[in-house]
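Converting from the sequence shown to this note's numbering requires adding 31 to each position, the first position being numbered 1.
It should be emphasised that the hints constitute simulated quantities derived from the structure, not laboratory data.
Fair warning: there could be bad hints in the mix.
To be verified - Okay, the calculated beta carbon distance ranges per label pair:
id : residue 1 : residue 2 : range
1  : Ala246    : Arg278    : 30 to 36 Å
2  : Ile293    : Thr144    : 18 to 24 Å
3  : Ile234    : Glu72     : 23 to 29 Å
4  : Gly68     : Ala246    : 40 to 46 Å
5  : Glu289    : Ala246    : 19 to 25 Å
6  : Arg229    : Thr87     : 20 to 26 Å
Keep in mind the model is a prediction, meaning the values are calculated, not measured.
Beta carbons: idealized from backbone N, C-alpha and C, even for Gly.
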Amino acid sequence: MDIPTAIVCYNRPNLLRQVVDALGQHSVENLWFFSDGPRDEVDTDAVAQVRAVIDTVDWTRPRIVYHEHNVGQKAAVPFAADSMFDIYERAIILEDDCIPQPYFFDFMKECLTRYADALDVYGIVGYVPLLPDNVIEQARYDGFFYPRMGTCGWASWRRAWQHHTERNLPVAHDRAIAAGIDLTKGGTDIPRMIAKMREQKRINWSLTWLLEIYARNGYYVYPYESHIENVGFGTGVSQSSRTPPIRLAQTKPTRFPELGVIDFAATAALQVHYR
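Take these sequences, add in the hints, and give me the full structure.
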């Protein structure tokens, strides 16, 4: 598998080991690691262990970016994405708690190729919340379009990411309001998340990216069943402590929607989830 793939990691060697094992099973050749530096002395040993895990990669020669100081997850991910899209036309971004499942790279490769010139499509995500059985049973395809970006095992193209120029959330938010953009079209939780980030004056690249996608009436491609297992819940950093239920894909995806085909049942299900 030769699609450029970046792994963003920090201080969780046990989780990274699971990701590395999965990458080896998929023979990911064009592999990058972006290793964040320690926040304090307590982190030093864990970061060293993470870098020792990276050193065990023996099926390819990975390229490694070591941050000397801690930049934080909210800066580390866009830094990795910027770096990848400066070099490549397309790339996959994984964090150290996102384990690729058997058909993750099949899903990503097909979508990255199929929608490469589809300007309304801004990315692909391998993780999806648990959808109702009837939505999955009635699905005509193995993926669907939804106007919300996902960060758990995602991919995009330079032609899309190049539009993510406004990284200041208050500016991006005010601009979206002035333009009359419906901030709830990807979920009614979005306005609350933005308000919380603004109140706390926190950096959040995913929300500025989402607002850019909103402004351009864009979509992400989602699977009906997850191609990513997120094992990071409850391990610190920035995830919640409760692992949500998911359904992992058991078959290779082969059916993909044409542009403009919207599955309203799947869309409604995610609207219910993201509220």
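Results of checking the hints against the structure:
1. Checked against the given bound of 30 to 36 Å, the beta carbons of alanine 246 and arginine 278, roughly 32 Å apart, stay inside it.
2. Judged by the Cβ atoms, the range 18 to 24 Å given for isoleucine 293 and threonine 144 holds: they are separated by roughly 21 Å.
3. Between isoleucine 234 and glutamate 72 the C-beta distance comes to about 24 Å, which sits within the given range of 23 to 29 Å.
4. Taking the beta carbon of each, glycine 68 and alanine 246 are about 34 Å apart, not inside 40 to 46 Å as hinted.
5. Separation of glutamate 289 from alanine 246 is about 24 Å and conforms to the stated range, judged on CB atoms against 19 to 25 Å.
6. The beta-carbon spacing between arginine 229 and threonine 87, approximately 42 Å, falls outside the hinted interval of 20 to 26 Å.
The structure does not agree with the numbered hints 4 and 6 stated previously, though it agrees with the rest.
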